[in-house]
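Participant: All chains should be modelled from the sequences, with the hints used to inform the complete structure.
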Amino acid sequence: MLRRTLLLHFLLLVLILLFPTGCGKKNRRLPVYPAKGQLLAGERPIAGAMVHFWPKEIGTDLDAYCPNAQTDEEGRFTLSTYTSGDGAPAGTYTLTVTWPERFNLLSRQWEGDKLKGRYKDAGTSKLTATIEKGPNEIPLKIDP
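Throughout, this note's numbering is defined as the position within the sequence shown, counted from one, plus 70.
For the record, the hints were derived by calculation from the structure and aren't laboratory data. Treat the hints with care, since some could be wrong.
[As the list claims (entries may be wrong)] Calculated pairs, DSS-like style, for lysine-lysine (alpha carbon to alpha carbon, straight line, at most 30 Å): (1) 196 <-> 184; (2) 184 <-> 126; (3) 106 <-> 184; (4) 203 <-> 106.
As the structure is a prediction and not an experimental result, all values here were calculated from the model.
Facilitator: Given below as structure tokens:
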């Protein structure tokens, strides 16, 4: 069990280092505010899920900023927009969540989605959150 946990943490670290924080290429930096939360399926924390915050003002434009985070073993996350853990700009967001099933060592990619794609698309996701100026705590509950 310890070996599996160490492997999971190593793989998550590799993914974080391979993929830059944020989704966009905009040169304009908006002020960001601390934002953290916890992702639960019912009452159970979801470990290893990716959470993306899509600004409602921009929609799903991939050139826009896109605060994101990965959940830890307790389902907790801290949003990053420009640098790791810096937070998110104030505004209303549509949230997407993917919870990978396995890591393929040959392709070096995560595969599958334990949530069966229910929260994968910003166009259909019903998850929303608002980031206020100042510290933010975002509780997220989803159906497993």
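Participant: Against this structure, judge whether each hint is valid.
Facilitator: Evaluation of the provided hints:
1. Taking the CA atoms of residue 196 and residue 184, the gap is about 18 Å. The hint holds against a cut of 30 Å.
2. Between residue 184 and residue 126 the CA atoms are separated by roughly 26 Å; this keeps the pair inside 30 Å, and the hint holds.
3. For the proposed pair residue 106 and residue 184, the alpha carbon gap of about 23 Å is at most 30 Å, so the pair holds.
4. For the given pair, residue 203 sits about 13 Å from residue 106 by alpha-carbon distance, which is consistent with the 30 Å threshold.
Consistency with the previously given hints is maintained throughout, with no hint failing.
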